[in-house]
Amino acid sequence: MLNLLLSLPLAAGVVACAMPRRAAGWVASAGSLGVLGLAIALVAGFDASADGLQHSVDVSWIPGLGVRYALGVDGLSLFLVALTALVWPAAMIFSALREIERPRLYFLMLALAESATLGAFLAQDLLLFVLFFDLMLVPFYFLIGAWGGANRVPATTKMIVYTLVGSLLMLVAAIATAILATPAGGQLTFSIAALQSHLLSTGSQYWLFCFFAAAFLVKMPAFLLHGWMADAYRAAPLPVLALLSGVLSKVGAYGFLRVALPLFPQATTHFQELILVVALASILYGSAMAFTQTNVRLIAGYSSIAQLGFITAGIFSLRPDGANGAVLQMVNHGLVVVPVFLIIAVLYERAGSEDLGRLGGMAMRAPVLAALFLVVTLATLAMPGSANFVGELYILIGLFQAKIVYAFVASIGVALAAFYALRLYQRTMHNRAPEGVESREIGWRDGLVLAPLVACIVALALYPQFILHRIDPSTSAKVALRR
Amino acid sequence: MSATTYAWLVLALPLAGSLTIAFGYRLWPGRAAGWIGTAAIGLAFLASIGALTQLLGEPSEHRQLTSSLWDYASAAGVNVKLGILVDPLSVFMILVVTGVSTLIHLYSVSYVESDRGYARFFSYLNFFVFSMLLLLLAGNFVLLIVGWAFVGFASYALISFWYRRETATKAGMKAFVINVVGDVGLVLAAFFVFRELHAFDYLTVFQGAAGHFHTNQGVVVAICLLLLVGAFAKSAQLPLHTWLPDAMEGPTPVSALIHAATMVTAGVYLIARMHPLFELAPTAADIAAFIGLATVIVAASIALVVTDLKRIIAYSTMSQIGYMVVGVSIGAYTAGMFHLMTHAFFKALLFMAAGSVIAAMASRQDIDRMGGFRRSLPYTSLLLIVGALALSGFPGTSGFFSKDEILVFAAERGGFYWIFAIAGYAAAAMTAFYSFRIVFRVCYGEPCPEAEALREGHMAHAEPENPVTGEPEDTDVGFPGPEHHVAEQARSMAIAMGCLGLAALVGGFVQIPGVSDAIGHFLEGTFANSKLATGNPPTGDAYLGLLAGAVVSVLGIGLAYLLYVVRPGLAPALRTRLSGVHRFLVNRWYFDELIDAVVVRPTLWLGRFFDDVIERRVVQGLVEGTVGVVRGTSTAVRFAQSGFVRAYALLLITGFAGLGLYFLIVSS
Amino acid sequence: MNMDWYLVLSALLFATGAVGVLIRRSPVVILLCLELMLNAGNLALITFSRMLGDQQGQIFAIVVMVVAACEVVVGLGLIVAMYRRRIPLNVDDLRQLRG
Amino acid sequence: MEAVAFFIGALGAMGGAVAVIALRNPFYSVLALIVHLFSLAGLFLLLHAEFVAAAQIVVYAGAVMVLYVFVAAYVGNIEEPMWEPIAGQRLLAPLMASALFVELTIAITGSSLKALGTNGPTIPFGFGQPASIGRFFLERFLIVFEAASILLLVAAVGAVVLAGRRRTTAVPSGEPT
Amino acid sequence: MNFHAPHIDYAALSPVLALTVGICIVLLGGLVRRDRVVVPLLTLLTLGITAGLCIWQFGERKDLVTGALRLDELAIAIALIALTAAAFTVVLSLGEPAAEQSGRGEYHALLLGSVLGMVLLAQAQNLVSFFVALELLSIPLYVLCGSNLRRAPSLESGLKYLIVGSLGSATLLYGLALIYGGSGSTDFNAIAAGIGKAGVLGDPLILIGIALAATGLAFKISIAPFHQWTPDVYEGAPTPITAFMAVATKAAAFAVFIRFFEVALGPESGDWDVALAVLAAISIVVGNVGALGQSSLKRLLGYSGVAQAGYMLVGLLVATKLGIDALVFYLLGYTVMNLAAFAVIVIRERETPFGDDIHAIEGLGRERPLLAWPLTISMLGLAGLPGTVGFIGKLYLIEAAVKDSFTWLGVAIVIGTMVSLAYYLRVIAAVWMTPGRESARDPATGAELPAMAGGETIEAGGVHAVPIGLLAGLAAAATITFGVIPQPLIDFASNAGQALAAFL
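Protein chains in written order, with our numbering: chain L, 1 to 483; chain B, 484 to 1151; chain A, 1152 to 1250; chain U, 1251 to 1427; chain Y, 1428 to 1931.
Worth double-checking, as some hints may not be accurate.
[Unchecked claim] These stretches of chain L come out as covered by chain B in the derived footprint (C-beta under 8 Å, 3 or more residues):
hint, segment
1, 218-230
2, 283-292
3, 363-372
4, 385-399
5, 407-415
6, 423-435
7, 458-472
[To be verified] Every beta carbon over 10 Å from chain Y, so not counted as near; a handful from chain L, in silico:
hint, residue
8, Ala41
9, Arg98
10, Arg152
11, Glu273
12, Glu438
13, Ala477
Hints were generated in silico from the structure; no laboratory data involved.
Just so it is clear, CB atoms sit at the ideal spot from N, CA and C, and this is done for glycine as well.
Start from the sequences and build out the full structure, keeping to the hints where you can.
See the structure below:
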């Protein structure tokens, strides 16, 4: 099941390469829709009461290095897999509806990215995780570099180098973890479950945690480590950016829960305050930046920093409620930020600009577009009643009970979010339309791409318990490991 | 059907109406959307009555019913259900809300008829009602917050309904952001509650609170203060009130419904709902009462000088809500809720009448340009006067009974609470004055050209322009609508206004000291455990209070008559004499400027600072610095690669020398 | 004579050769200096061979001679080829490849 | 007696070496190297390496140096400007070379190897003579011997490649170098 | 006086013999036949037979000819690398002007001579055979570098390589002499024993000897600060030769480096590991920063080679079986990755007027995707991105480093990798993200660029894009295959480590 899930996108991508140019996108999209089907089956068949891995695959891969090909889903990864499976078809179909240069390569890269991302979420071997974590970047390098906007090559290089800084350090740390945890003469293993049972000395945990944290924080990105973000966001093609912001950023937060907390419990406790400070700084900084920017991509980008700050804060409340909220919020944020970027793409086609100053009045003749965007905006600002609110609620409850002061500061971010998200909506959809802006209703094809995403947002808003119920056992178990 | 089923129905009907209108926005012909909306709310009103009767059928101890649909978000020890609480307080509130809403929907069916966003308007309006009902019926803090935020959003959407006006979108934004600040306060309060009592459920919390907290314990005071942040943001109390006057950018029925009758009273409802907590934190309750009083006075004083018709009523709303806040904070729950109800009637009426006048003025709202509508708009003028009388607390009208009940309760409570009574009566005089300032400026005096035209049967048509900035309106799509509707010509408006006028006049009779105590009796179920709500003040004192109220009201009206009818020149003279005071009041006590300087500017400055300094220098500096170091090393390496083979040989020898040195050191 | 005399002499010759490589610019002379260095190595080998009473060092030295001869042949061949191409025979002028 | 011979040999070797790097005309440098090689051959004799000494004179000083002389004569005198284009080379080159020397000397004199301070052990008859060297080559170092011969072959091929005139290498005149 | 002919195991020596015979045949073949196919075919045949013999002998572990050589898996693995690289070089040299000018027979004979040197070097177990094999490796290369006699840079690179190379040889020789003197033997095993017996463990004589030898060997594998010949020579030499040098020389020198340091100097490893660690770190830094901003692809790969050598040195200096496994594995991966890149460079050098400049590959992704992919995969592999053999190799090396408490070197490797991304990705960006250049105009001045070798070659020998491209594809496929299924290669490499395990 998981093997198929992992290989299907790539297989479809390769097949797409052999197809005529026009068909490539549709073949790749069909593959990703297949993945979506599998993911739905996965969610449907998920045993919510268990906190262990399900559908495990565990075969030897590189015995010489102790690396195993171990996959599995638990509550932690289930919905992130589902998110990946959901947004990738959206981005692919959205792209397939448009004229793209060198479509075969484009869709191959998108497909590779999907496989790698799924791999990162499914991997249960530390090294396999690191491998997929790094591999994800490669297709994005191409996607941004070859199909991006102005300054794409420096931007994409900056992104990949910067993010690899963290993840390569993580490679060293992963190896060191395995080696240090292996008793003398024992067989080296990278299995996360096995490593969990041999906890390292506190001193080792400290520096290993720092390496892992660096990788995850850069990927998110968190405050001070987001230097790659602005340029990459400016340059990336929008469907790609949607995936970058919607899914890739989550891998970092996911890594904290999957790797850092279980393997380095003492270090996690030790660095809790530090990471919380970073998270809060991300929240405040991201929010403040988001309302000074006029480029719509950057508004969404900086808001992502803030949102990821919330997620990190939730994880590092080191409480089940906070962690549950964080996982829920990962899914939610992915689910809202993808439509945001796709809508920005639609807006760009109508206004020819991505600057707030040159946008406006779009709602006039496009009420459906406006309504879709409105729902997404409200979810983005974590309007109570949305699943995002439930996520933030859980995060803040956790934080509130762990570190009350941090919770108060974090709640400032909630208020700021309302401002920047609404500003984005208002200045694109409302006010007068400047010269050159063509208010045109969204086409039914694009609508069909966006509507399911928005429908998911609404459905989750009505019943967030659907996710919470399934993630709770595994997430709580991850946090409970701390001794 | 049980009371809770009716309550779910009350929730479902407006939501269904909203969605029906929204999804079918292209299908509904003519006024269909309006009628669907009105019908949905009307049915909700009927369902509310159903809930009321069912509730009255229960013994008074068992009038707190809960019901839940499904687990909304329950994990890791947190338990949140999609649950409602049906008790006298919520039923009372939903009755008021659905009742007034039905009439305002009815009014709107005609009033916004020519607006392009007709369906959108009713969809929003129905959604608002749904949100408000959700807020009222919520059985736990989370759902309360959801409803709380939904009404905030609905308010935003309706304020910036004419979204092509930049003033409207700005005002919407302001309202939304301030409301979100309130939401955050509420959320934090909920967290505190959860941390202390491990529950979000009202009944669990209230039952647990009494045993868990002792009076004026820091935590419970903090909870109450945070609740107050939420309440004050929503109810436009100082200093979070600045959005309300700007909210008048919305269509007039919106002002009537949201910014007068229903949403803005949510804060009052919240304090009443949370009375078990407030009674444990008297300090917080006192703070609330004083802020309420301050709002009463400040708002009334501003209303004296403002010339925008809707804004005068808006300040009046603030002021009246201040009374209610005082009431529920000092324990006069019944009186507070009573005033809430009567205020809903007469304030909605005032806005409707104002809407009719503004329509006649072709969207102009400045009372200085109005005059003499008495003859051209007789029905409107009549109801405007009825509303003003109720607002001024003219003896016999609804406002007369409800306001006095609060003030009498304050006086009776003793201690420093008499301040509220004295100041309250003083403010009541101002209220009476500005109410009749409106009446005299609009209905009396020289008829303005529009009034003249209307008498000859022509509706005024003006170049569409923004009433605030005066810039020409975007006529491309025709909102706020090329045609205007006045009550005299539109039957639905007339009916709605008539009903409210009646309610404003006689609504007070349900609760007359010594005669009837319907509301107090009904609400007992909710406030049974309250230490403060100890029944009604002595009838004698109550009548003394009524007398004082009557005197003050008549005095105020008389003064207004003197200034605006008998000696019209006196007002401008007074304005020049007291120019300092006038300027201070016209500038609304400089609250906007204060908030701008304290909150908005620093935040923007911080954003710019982040952008200019942190982002450019620190974050990018981190990148560029590293790149610079690498580049520098690269330059050095490539400079060393000079092409001179002898230099390469030298480096080889040097390298060996270094290596050899190391080995010699190791060996020794 | 003690063996270290020979060795110090060989070290001195080695260093002298190195100086020559570093400061001379004619490729011919540089090749000569490389010969000096290889010969210094040879001297050390022979000395050790004597010191250890072991002839492997001498074998090594003979091999080094062969190697030196081969280097010379190739080196001189290159010099001739460059001369024919009219490339200046000054290593400092060989700077087309750098950076 | 041995000491005198050593010093004469050492002086000759050093003198030759210094002359190689000091003389400005490559032709003279070649001649100085021949002096150096002869002196070295003398030292080899002192160390009982008769075969090596002979090979030194015959193969090295004889055959190889003749090649040098021819090439030096063929390419003529090469101008070496006094100006030093590499910054620091003139200072650092001797400095590093002396460092090299000092380190080697420390290694030699500082070594705890006892045998260094002796004249060497008594050696068997035939040590360093062609017969024993030959045996070594054909028994123990057979592979080395064969490899060396292939090396010579390859070097010869290399020389042919580089210096042999062929029709394709005709240099177009006036091409920049 | 009795002459005891040494026992010669002809089977084990067969690869060496085959190569020797091959040299002669190729040389003669070049004299007899002047057409373009025979000599390369003969060369390939020789290489193929030798490789076959190597594989036949795989698994043997024995001393040959009185211990001058040792045949074991390490030797054979390295020999196979050298043979593979040589075979590539032969194909890459089809139509190579250098081969035309120096005579095909001679050119290929020299190549085979160098390969012979490498095969011997990988087996050398004696100071003398070590030295002579090293020279047998180097001297033909000096010639081959300068073999494009028409190009001044080719000659320049030949002479530079010769001068610095001989200096390195002299240094190495002196070091070997000191070690011989200190330990009293030329056999690696006897040296290890002799160091203990003579009581010179940690003695300055031995240590300076090690320093000198390390300098000489580091020079051969391009470890900074002894690397400076590398970029110049790589750039100036004919591209097929550069490819050969980049891969084979490094492999062979590493082989002897391993054998010499682990076997002969194993007792001293506590003294030299830190020194080599510092050198490795310097190499990683210098190589990676030097490659930044290079526009000549060969030069870029030269610097990259310096950095890669630094990575590989880590495997050596930890002096564990894991380290040797990792090093051999990395060498194998490095071989296929580099060969793929060079093959593409050769083709573009002949097709465009830009030589090996990065302009030559601009827009390649659009015009010739089949050629762009091998280069891209090679660059991704060299950068150590997952899915390629480069990633597994780095993983292996880091594992070895961390296990031997050289975690900081592991960190150094990844930091180097980060820097390296900047230039590897630049190549990829040129391939996929930059439009191709139509005219041969200098972008800066607008002047017509001087015609480089490519222009002439097309008439001289043709591009031979199909066979070369196929090889590039093959190497790229191997890069990916062994990145996804690395175990066979790991087993192969760990045999090599096993061969030396007894000495560690």
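Here is what the structure says about each hint:
| no. | hint | verdict |
| --- | --- | --- |
| 1 | 218-230 | holds (count 5) |
| 2 | 283-292 | holds (count 5) |
| 3 | 363-372 | holds (count 4) |
| 4 | 385-399 | holds (count 7) |
| 5 | 407-415 | holds (count 6) |
| 6 | 423-435 | holds (count 6) |
| 7 | 458-472 | holds (count 7) |
| 8 | Ala41 | holds, 27 Å |
| 9 | Arg98 | holds, 19 Å |
| 10 | Arg152 | violated, 7 Å |
| 11 | Glu273 | holds, 26 Å |
| 12 | Glu438 | holds, 30 Å |
| 13 | Ala477 | holds, 29 Å |
In this structure, the one hint that does not hold is number 10.
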